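Engineer: Residue numbers (the numbering used here), protein chains in the order written: chain A, -17 to 422; chain B, 6 to 492.
Hint data in this document are derived by calculation from the structure and do not stem from the laboratory.
It is possible that some hints are incorrect.
[Stated by the list, open to error] These stretches of chain A come out as covered by chain B in the derived footprint (C-beta under 8 Å, 3 or more residues): (1) 201 to 207; (2) 393 to 406.
[As the list claims (entries may be wrong)] With the Cβ distance kept under 7 Å, some of the chain B side facing chain A (calculated, not the full set): (3) Y292; (4) V315; (5) G414.
Given the structure is predicted, the values throughout are model-derived calculations rather than measurements.
Beta carbons are placed, not taken as given, at the ideal position from N, Cα and C, and that holds for glycine.
Residue-level listing of the chains:
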Amino acid sequence: MAVETAPMTPDSALSASRKNEAIRARIKRRYSAERRFRAYGIAAILFGLAFLVALFSTIFARGYTAFQQSTFTLSVVLDQAAFGSSAPTPSELRMADYTKIANRAIQQALGVDPNNKADARAAADLLSQNADTQIRKIVTADPSLVGQTVKVDVLAHGNVDSLLKGQFDRSVAESRRKLSDKQLGWLDRAIESGILTKKFNTGLFTYGASSKPETAGVGVALVGSLYMMTIVLLVAVPLGVAAAVYLEEFAPKNFITDTIEVNINNLAAVPSIVFGLLGLAIFINFMGIPRSASLVGGLVLALMTLPTIIIATRAAVSAVPPSIREAALGVGASKMQSITHHVLPLAVPGILTGTIIGLAKALGETAPLLMIGMVAFVVEYPSTPMDAATALPVQIYMWATAAERGFVERTAGATLILLAFLVVMNVTAVILRRRYERRW
Amino acid sequence: MSTPLLAAVVVALGAIGWLLGSWRSKASVGGKVSTLHSRPGYYGAYVLCWTILPAFFLIVLWSAISPMVVSNMVSSRLPQNVQDGVTQARSLTTSAINTIERGLATLSAEDLEKAAQPNTDVKALLLSKGAPLAINPEPYAVNAALFQLQAKRSSQLLLTISAIGLALLCLGFALFQVGPKLRSRNAVERVALAGLFACSMVAILTTLGIVLSMLFESIHFFGIVPIQDFLFGTVWDPRFSAAGSSGEAGGQFGLLPLLWGTLYISFVALLVAVPVGLFSAVYMSEYASGSVRLMTKPLLEILAGIPTIVYGFFALITFGPLLRDLGAHVGLSISATSVLTAGLIMGVMLIPFVSSLSDDIINAVPQSLREGSYGLGATQSETIKRVILPAALPGIVGAILLAASRAIGETMIVVLAAGIAPNLTLNPFEPVTTITVKIVSQLTGDLEFNSPQTLVAFALGLTLFVFTLALNIYALYIVRKYREQYE
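Only chain A is shown next, with the shape it has when bound in the complex (with noise of 0.2 Å):
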């Protein structure tokens, strides 16, 4: 363009300098949008990361107190006469009032007259309502103790809980407390003689339903969730690595085949309630078996599970080197030999390692659990996979729509629970993975 180069003047050399300083100005400000730019990249990372605190933080302190329960340790008089003889029978032993023998034995350690009706209701109060059922679970188990007094650590209330884990506001008016000023002094009196402590609390992972937070465990709905588990691991497993098998190593390229391949893509898509939808409609109302049953549920997150199978399955087995299935061939296999000899065993890192993603998404999976009626109040562990039972993440979930306070740390306990088993079902899927994991 302009070749001819002018001699500087004055002016020119003015105006380079400010074209200079334009660009000076103007890289100047390409810079700070670049330095602007890569902050919004690490705020966004951060963002996402002081999120994750944040949860697990808050989950933690709301629920790591559900791991201890508040305790009395009493000496329970095993009175004959409430037995009504010193040899009872099974059914004597069964029907005596371990409700009166508990109190007794509270009214007595808190030094409470137990004629004064008013006081005697108000001690026998603190106790939990299930204190009955730990003495008689004791009585039973050995009735040689009848006419003894024992040593029994019994399940304290809900409110004298919340008291001794710091959750208890005792500046709130006496008539709008839980707890009454001579129900605090008789406690405070308990903790000081140490006959109320603080315990691990095995109840969270053995009990199972219950309207009272202090009686309220996790351990039915465990079971029930190991019973879907397998029933996963049954079903979507071997389904999951036939198709899988069959659609990298057999499947022609036709119109069927695409159509598997988009249907599978699909169903990893498709809300996780639209399954429970279909499991209503198919196992339950079409099938008949029982709602609530954990066979249900297993089925529904067993069809969850396939497409997280099936498309891992299918990464693993085509990360086998053609040359394996190719020298196989060459000594004489069959395909269906070069598959089942080299192909998959290769293959079995990969698999089990989506296997375990594909478990723990299906453990956390609660939206489809709702709708085939696991949203059940379930006592009893479930015996059967047929048998009425419930599943962790549900139980949270009805935990944190119960009205009562008391719950909110029984959910986040729970909470911890389930955490605690994805971290190590996850972390196994990892160490799997770096152990074992091939590079050709």
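Given the coordinates of chain A, assemble chain B onto it according to the supplied hints.
Structural biologist: For chain B alone, kept in the frame of chain A given last:
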């Protein structure tokens, strides 16, 4: 013999067949295995397939057909006035018969004979055997129950005999064929291939099951509530179904408030997820060093692995109250369950969906495009904004659409954080409700099927399915097309 036991017996026969088959193949060549067409195990498997498969088909077919036949036979024996009664009365009779039959099934043979005599008090008899009845059985119901019990028992007996007979027959037939010339490996492999194909059809069957079951129940629903009232109604007020009121609507089932809530919450969620997800994907694929990437990528993906119930619980106990208190601080009235609460939390859940897919797509953009842009003097961010993102745009749109379909179908977060009031509101601080929330609330608790209050859940489910399916297919199409472009 009960069906599971029968199946076990057939399997045991199959195992015996396997042993016999491989033994006979070896015997037929005098122990010189190398002269066989296939290895002895294949002969065993050949006999096993022959033994088990026909018998299993028989058992499955029989179990599907025989209950229908039995119930037809039973209902044809009921008195004429019962047969002509309304549907509800008939189904009541059927369930009564089934209850009596279950009680009778526990009785011994003599007691059954006693129950069959016309003037026995069946209720008292059952009670004495520990099977109390809640109803006073009509004599014809008792007769029908007895007949049903006998029919079931004889059907089961017939099945047992024929299934075991068939298994033995086929076992013998296959065993007879075993010899050095039999191409047993090819036959067994054909069966295995058919099995593999059948397994891959399960995906199609599942989709078919979803579509058919929803369509069937929805058509049932639209028979009660006109389809235009559902699609264009602006009021959602299903009422509770009173017993016996089925057949009439007794409520309003307008989809629009639910659809509005669903779309509004999804929109808020995407407002969070798209910028955050996209920026983190860009940072991770373009700026971050290898070690940072190795650390942060799995950490962000944890967000996708957390069960949604946990997000919902977090929104319910921490985030919702926090927003409400913040709002009160600056003079806004934000309710604890609101569009904002649910949308923000859902947005966080969606971050990894957007980021990991976008990350893949950005990585797939050829390096030459970047280098060309650097060569012209562009800074890194300019390259990203002007070259890489436009090149990756279709794929990123696909990723966003997939995230949107997740958002629309998400259930637990909105159940716990969005509220249950169907609201047609623009105010993000108010509670709304979504399609998924209403599916849950219509189907939990005591159900009475055939009432519009429960059937509407299937119509809602169908709506949800159609919406997400359309989004998914379109998104997958875009992503796939885009991937091919650079490969």
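Engineer: Indicate, hint by hint, whether the structure satisfies it.
Structural biologist: Comparing the hints with the structure gives:
1. A count of 0 residues in the region 201 to 207 of chain A with a Cβ less than 8 Å from any Cβ of chain B is obtained; the coverage claim is therefore unmet, three being the minimum.
2. Chain B is given as covering the region 393 to 406 of chain A, and this holds because 6 residues of the stretch bring a CB closer than 8 Å to a CB of that chain, at least three being needed.
3. A cut of 7 Å between beta carbons decides the hint on Y292(B): the least distance to chain A is about 6 Å, and the hint holds.
4. Among the interface hints, the one on V315(B) holds; its C-beta lies about 6 Å from the nearest C-beta in chain A, closer than the 7 Å criterion.
5. At a threshold of 7 Å, the smallest CB-CB gap from G414(B) to chain A is about 2 Å, leaving the interface hint in force.
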